[in-house]
Structures are given as structure tokens and as C-alpha cells.
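Respectively, the protein sequence lines represent chains A and B.
Numbers 1 to 169, taken from my numbering, label the letters of the first sequence in order.
Numbers 1 to 582, taken from my numbering, label the letters of the second sequence in order.
Check each hint, because a few of them may be wrong.
[Unchecked claim] When the alpha-carbon atoms are kept at most 30 angstroms apart in a straight line, the in silico DSS-like pairs for lysine-lysine are as follows: (1) B:K185 x A:K79; (2) B:K189 x B:K175; (3) B:K68 x B:K185; (4) B:K375 x B:K506; (5) B:K68 x B:K175; (6) A:K79 x B:K182; (7) B:K514 x B:K388; (8) B:K354 x B:K273; (9) A:K79 x B:K189.
Source of the hints: derived by calculation from the structure; they are not laboratory data.
Given the structure is predicted, the values throughout are model-derived calculations rather than measurements.
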Amino acid sequence: MKHLPSERHTLSILVDNEAGVLARIVGLFSARGYNIESLTVADVSDDHAVSRITVVTNGPPPVIDQIMAQLDRLVPVHKVVDLTDWGPHVEREMALVKVAGTGDKRVEALRLADIFRARPVDTSTASFVFEVSGSSEKVNQFIALMREVGLVEVARTGVVAIARGAEAV
Amino acid sequence: MGTEMTGADIVVQALTDLGVEVVFGYPGGAVLPIYDALFQQNRIRHILVRHEQAAVHAAEGYARSSGKVGVVLVTSGPGATNAVTGITDALMDSIPLVVLTGQVPTHLIGTDAFQECDTVGITRHCSKHNYLVQETARLGPVLHEAFYIARSGRPGPVVIDIPKDVQIMKARYTKPGVISHKTYKPQVKGDLAAIEAAVDMLAAAERPILYTGGGVINSGPVASQLLRELAKATGAPVTSTLMGLGSVPDDHPQFLGMLGMHGSYEANMAMNKCDLMLCLGARFDDRVTGRLDAFSPTSRKIHVDIDRSSFNKTVRVDLAIQGDVGSVMEDMLKVWRARGHRAADQKAWWEQIKGWRSRNSFGFEQKGEALLPQKAIQRLYEMTKARKPIISTEVGQHQMWAAQHFGFHEPNKWLTSGGLGTMGYGLPAAIGAQLAYPGALVIDIAGEASIQMNIQELGTATQYRLPVKVFIINNEYMGMVRQWQELNHGGRYSESYSDSLPDFVKLAEAYGWKGITIEGPDDLDAGIQAMIDHPGPVMVDCRVAKLANCFPMIPSGASHTDMILSAADERGEADDDAKALV
Numbered sequence: 001m002k003h004l005p006s007e008r009h010t011l012s013i014l015v016d017n018e019a020g021v022l023a024r025i026v027g028l029f030s031a032r033g034y035n036i037e038s039l040t041v042a043d044v045s046d047d048h049a050v051s052r053i054t055v056v057t058n059g060p061p062p063v064i065d066q067i068m069a070q071l072d073r074l075v076p077v078h079k080v081v082d083l084t085d086w087g088p089h090v091e092r093e094m095a096l097v098k099v100a101g102t103g104d105k106r107v108e109a110l111r112l113a114d115i116f117r118a119r120p121v122d123t124s125t126a127s128f129v130f131e132v133s134g135s136s137e138k139v140n141q142f143i144a145l146m147r148e149v150g151l152v153e154v155a156r157t158g159v160v161a162i163a164r165g166a167e168a169v
Numbered sequence: 001m002g003t004e005m006t007g008a009d010i011v012v013q014a015l016t017d018l019g020v021e022v023v024f025g026y027p028g029g030a031v032l033p034i035y036d037a038l039f040q041q042n043r044i045r046h047i048l049v050r051h052e053q054a055a056v057h058a059a060e061g062y063a064r065s066s067g068k069v070g071v072v073l074v075t076s077g078p079g080a081t082n083a084v085t086g087i088t089d090a091l092m093d094s095i096p097l098v099v100l101t102g103q104v105p106t107h108l109i110g111t112d113a114f115q116e117c118d119t120v121g122i123t124r125h126c127s128k129h130n131y132l133v134q135e136t137a138r139l140g141p142v143l144h145e146a147f148y149i150a151r152s153g154r155p156g157p158v159v160i161d162i163p164k165d166v167q168i169m170k171a172r173y174t175k176p177g178v179i180s181h182k183t184y185k186p187q188v189k190g191d192l193a194a195i196e197a198a199v200d201m202l203a204a205a206e207r208p209i210l211y212t213g214g215g216v217i218n219s220g221p222v223a224s225q226l227l228r229e230l231a232k233a234t235g236a237p238v239t240s241t242l243m244g245l246g247s248v249p250d251d252h253p254q255f256l257g258m259l260g261m262h263g264s265y266e267a268n269m270a271m272n273k274c275d276l277m278l279c280l281g282a283r284f285d286d287r288v289t290g291r292l293d294a295f296s297p298t299s300r301k302i303h304v305d306i307d308r309s310s311f312n313k314t315v316r317v318d319l320a321i322q323g324d325v326g327s328v329m330e331d332m333l334k335v336w337r338a339r340g341h342r343a344a345d346q347k348a349w350w351e352q353i354k355g356w357r358s359r360n361s362f363g364f365e366q367k368g369e370a371l372l373p374q375k376a377i378q379r380l381y382e383m384t385k386a387r388k389p390i391i392s393t394e395v396g397q398h399q400m401w402a403a404q405h406f407g408f409h410e411p412n413k414w415l416t417s418g419g420l421g422t423m424g425y426g427l428p429a430a431i432g433a434q435l436a437y438p439g440a441l442v443i444d445i446a447g448e449a450s451i452q453m454n455i456q457e458l459g460t461a462t463q464y465r466l467p468v469k470v471f472i473i474n475n476e477y478m479g480m481v482r483q484w485q486e487l488n489h490g491g492r493y494s495e496s497y498s499d500s501l502p503d504f505v506k507l508a509e510a511y512g513w514k515g516i517t518i519e520g521p522d523d524l525d526a527g528i529q530a531m532i533d534h535p536g537p538v539m540v541d542c543r544v545a546k547l548a549n550c551f552p553m554i555p556s557g558a559s560h561t562d563m564i565l566s567a568a569d570e571r572g573e574a575d576d577d578a579k580a581l582v
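Whenever a hint applies, use it, and build me the whole structure from the sequences.
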């Protein structure tokens, strides 16, 4: 079953906000040989009781089903939703991108940032730090362009995602 | 609001409230307060083992034979790490356990303190769930929740790590009412529409088979009864995994015997040729399926399991029903009767099965003078069956021969390490079962190599006057390793000879046991009789043919239809693909 073509899936996992829960999730992926493309986690409830973990993974459909089932049986997991299967949803990622340079390259970096609606959040006479957000493809594209104008380093959040419409997952 | 007491007293009180009668353990620095609390009460009996691994296996034997949750108490650091093999064993075989481990005081956690280890980190992957309790007030609720998690859904081991200061501090404890977990809610009842679909598929099948596993045992004795009713109603043949033996009586006319790598020819052929497979509480383990792409190619498959992650893990099924196997079978029978179904005409199917059965795949031929191991187990069965014994095993050839030649007629009488395959399981498991059933005849069928892995537990049996019997099938080899070396590695017996064996009789006597040697076929019956007749613990050193192989066998990487039935079919050296499989 592992020889079927791989698909990219974005999973939302609601878990008890308790010590060790992230280790359980990540450990499950490594122990069973599943992939993690990106992972984000933060406390999302009023009373700090629930965290939301967004995992982007890839694998053939039966493996994705297994991942869902394995996650679902962990005791501190409230809910697992495969947003890719769920339907319309929004995925966003944020990156901080540092570029160094002077002269034309510096001007070009600013011009490109403007097109991508990336905001400079730090500046010196020889550098910028841009904040860019959007789909992973957009962030990838921006980073690729910055390589040509003096990219120094990148920090990315990984994907966060939520379903469209009035309903909670 | 309950009374204020120390954490250690809360542990003992909660265990008492939970109905715990026996705790298997070993003291140490980080659990001294709990041992002190145990000393000052007489409701819970503590069984002092000789090694923490054995404490867990004993709790498994206790749990598997009685259906209760097994409880273990060990110290921090090496106490916890020694327990890891047993905890993993219980996870693989779905045995309900609660394992209490001591931990260094909270202010020392993370400092590499004496006998500190990251117990929750180490056991995260080998337990169903685990806790580090950092406040005494949490101890009571955590203990009650742990028992609920251990025994509900797919059972498994739950570890509770308790720092020493948490055992000393005081808090209020109240016995909770009904436990319900906010997120963990196992589905017991199966989906009725799916059950109806399953019944219709079953009624329409021409070549059905019931493939049953350890889930039937875990569901409780009623499930075994329901399985027999389902077999009767449908007229379908039944086969069982290693873990499910006993759910259907061995001599039931519809029972085909165990399936899988060392299962019967008829069971494996029927699995391959069926048109409908109803899997009840089994998990399509690799020992059962053989080569996956050749596994039962013409059948539609229905899978009943309480654990959703068992569905489609290795074998795609046509219909999955999540729920307790007992509850689902009960509903299936109701639907079957309500719809007025009768067992379909399976004459041609049973004719085919009769043909496979006539190969007598568990048969063996006496050649030469030496006692055959199969014969020894067969006689052991015949001479003890009236006592309805509880049988445990170690791991290896003797385990498979026991599964093949010892007949099981009831659930909870067969204790063996299936998933993890842990040598050293049998003696402590027998001790645990004997504590659950003091009057029962409990026999560990062992190998001379396996028995040495937890041989120190002879002392535990002596201390508590437990009349367990150890029947060693002694062929002076790690037999299954040697067999694979013979079949796959050109007969190069690398490190598989059991050299420098102890004199088992003297060893038994040194621990206050009776020791008996069976030298050959002539001593067999007398030796077994002397073992049964002795009121205390007995170790039997039964010398058998050294080079006997366990057949039939599906070689690694082969399909159900490629069974080796006898030594005449052996192939000498395997190709690299087959060698890479376990």
C-alpha cells in the first residue's frame, strides 16, 4: 500500500494542553515512519486547556488514513481533522526573511517586497528583515527571489490552517 | 471532601477502592513511602519478584488469566527501565496493566539525580498512556483514570510516574464515582447498518471463514460463547491466531486450528481460498498473513475491531466495524436470527477443507530413539487436560509446539507472548496466573534457553508457596534460531547452541523446588505424573530430540499456499529478500 502516489495533507489536531503532548504527536510520526513537512502548535482556548497542532504531512491515501487513526487513539487528543479532505480551507504561513546588500540590490529587494506585500520589520543601512505571509507557495517564491538580492537567512512558522465558513471543525 | 492523607496513602487507598488484591513489585529508594504505606495495611497483597521485568510479566499472567487489571510497583531509574520489556509486551498483546514507578523528587527531575531516568519519555512509545504526577492532589484522579484507560477500549499498559515528594506530601482524597474521560471514549457498540451489511455478506457467502484473535479473549468469556453461537449459526469454519486460542474448543468440529506461520495447513488454505473472511478481534499480523500480495486474494473481508487503527493497516478490507467484538457478535446474531438466515450450503467448501485436513499437518513421525518434543507436549496435554490447566510459555519452538499440540477449550487458559515474542515471559506469567487461581494447575511450557531469561523467579514461587510447574522442552538449542539457521542460512548454527546448561534438577532443588528429569520416551508418563502429583513447585527437564524442526511452516516471504509441511520440503538457503524478513 505504500507504493501508491503520495498526497499532501494538512491536519488539524486538537489536544490537551499538557506537558509531553507534543512529544506524543511527534513521536508517533517518527516511530511509525510518517513524514512531517511542517508543524505548528499553540494554545487556542480561553482557559489554556486546549492546543491546536497543525501538521502538514504527505503519504499515499491509506497511510494518511493510518495517521488519522493513530492520532485519534492517543488519549490526550480531542479531535483530528484532515482539512485537505474536509474541503475549502485557508492555509497561511509567515516568514521572516533577512536580506543584506547595498545599492541596486537593496532597491530591488524593497520593490519585490512591495509586490509580495512583505513588510520590512527591521532595517539597517545594509540589511532588511521582511515579514511575509500567505500560502507556502507564495512564501517559497518570495524567498527564491530574495536569493538573487542578498538573502541571508529565513525563519518560517510552518502552516496554520482553518476551514472556511461559519462552522468550527 | 474526603480526608487528608499522604500521597503514598492515597495510592494504597485508591488501589483498594479499585478492587486491587495483588501488586507485583520490587522496592527501591524512590518508592519507599508507598512500600511503607503497604506495610501498614493488609488489604492488598504485595508479591516480591526478583527482577522488575518479571513483575510486569507476572501482572500480565494475572491479568490475562483473570480478566482483571494487573498492577506493578517499581522504583525509579533501573526499576523503571527493567520494566520496559514487560510494558512493551503488554502493549503488543493488549493486556490491561497499571504500572506505578517511583521518581526522584520533583525538584531533582532533570538534574541526572541518582536513579533518575525520564520514565515518561522512555515509556511514551511502549505504553497506552502515561502520566507524571506532579501534585499529590492529582494522584487519586490519575489512578482511577489510569485503570479506566488500561481496561477500556483496546486494553493496554498505563504507566504512572510518581516523584518521591508527591508520595510524602498530603492532599485530600475522595473515591470518585463513574469515570468518564473528556476525550477518551472508546466505541463499544458497532454501527448497526454495517453489522446488517456484514450479516448479509455472511449469509450469501459460499466459502466463509471466521478468523478470530486475542480481541475475543479480551472482550470477556461471553465473547467466546457468542463466537461459538456465531459459528453454529453460520456453519462457517473457524481459525484462531496464537492470541485467540481457547475461544473455540480445540475439538470443535468447525475449528481448523491456529493459522499463520506455524498454523495448520487447513486453516491457511481456507484463509487463502475463502470468498468471505470475517476477522473478529485480530489484526492481520505478519505472522498470520505471510506474503501480503498473495494474502487471501479472492475474498471479501470484514474486520471487527475496537481499535480503528487496526483497519487497513496492512490488509485492505471491504467493511470495517469499529466496536467491542463481543457486542458486535451479539448484534450480528440478533440480525442473523431476525432475518431468518440459515447456514448456507457449504458442502463443497467443507469437502475442500476435509481434503486439506487429511494432510494431517500437525502430524509427526517417530524416527529413532529420541523423545520427540511434539510427543512430550501431546502427552502433557492428555495427562493434564482433566485438570483444565492454565498454560504459559516462553518463546520459540516449544511455544509453537504447545500452540499446535496442547488443546485449549476455554478462554483465559493460554498465556503467551505473541506480539513482542519475549523470552522469559512464561515463568513469571505462570506465577501471576497461580496467584489469580491458587487451586489451578499452572504449567509453564519452556525451552532450556528461554527459561534462563527469568530463572531467578524460582525464588518468588518458593517464597509464596506457589505450586507452579515448569516443563522444559530441552533440546540444547535455541531451537527456533537454529531452525531458521538450518532453513535460511545453510545450517551454520551461529551461537544457537545452549552450552554450559545448569543441572536443572539441582537448580530446582537449590530453590526448594522438586526437580525431575525425563531422559527419553520411557520416562515420559512417569515424569509427567510425578510432576502433577507433587503438591509444590516442580521443574521438569525433559530431554528431547535435538534437531527437530517445527512444521508446518510458511517460510519468510512465502504465501499461505507455500507451506512447508515436513522436512522433505526444506530448501537449505533462502534468497536475500527472504533472509531480510523476520
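Results of checking the hints against the structure:
no.	hint	verdict
1	B:K185 x A:K79	12 angstroms, holds
2	B:K189 x B:K175	28 angstroms, holds
3	B:K68 x B:K185	20 angstroms, holds
4	B:K375 x B:K506	26 angstroms, holds
5	B:K68 x B:K175	19 angstroms, holds
6	A:K79 x B:K182	11 angstroms, holds
7	B:K514 x B:K388	22 angstroms, holds
8	B:K354 x B:K273	14 angstroms, holds
9	A:K79 x B:K189	20 angstroms, holds
Violated hints: none; the structure is consistent with every hint.
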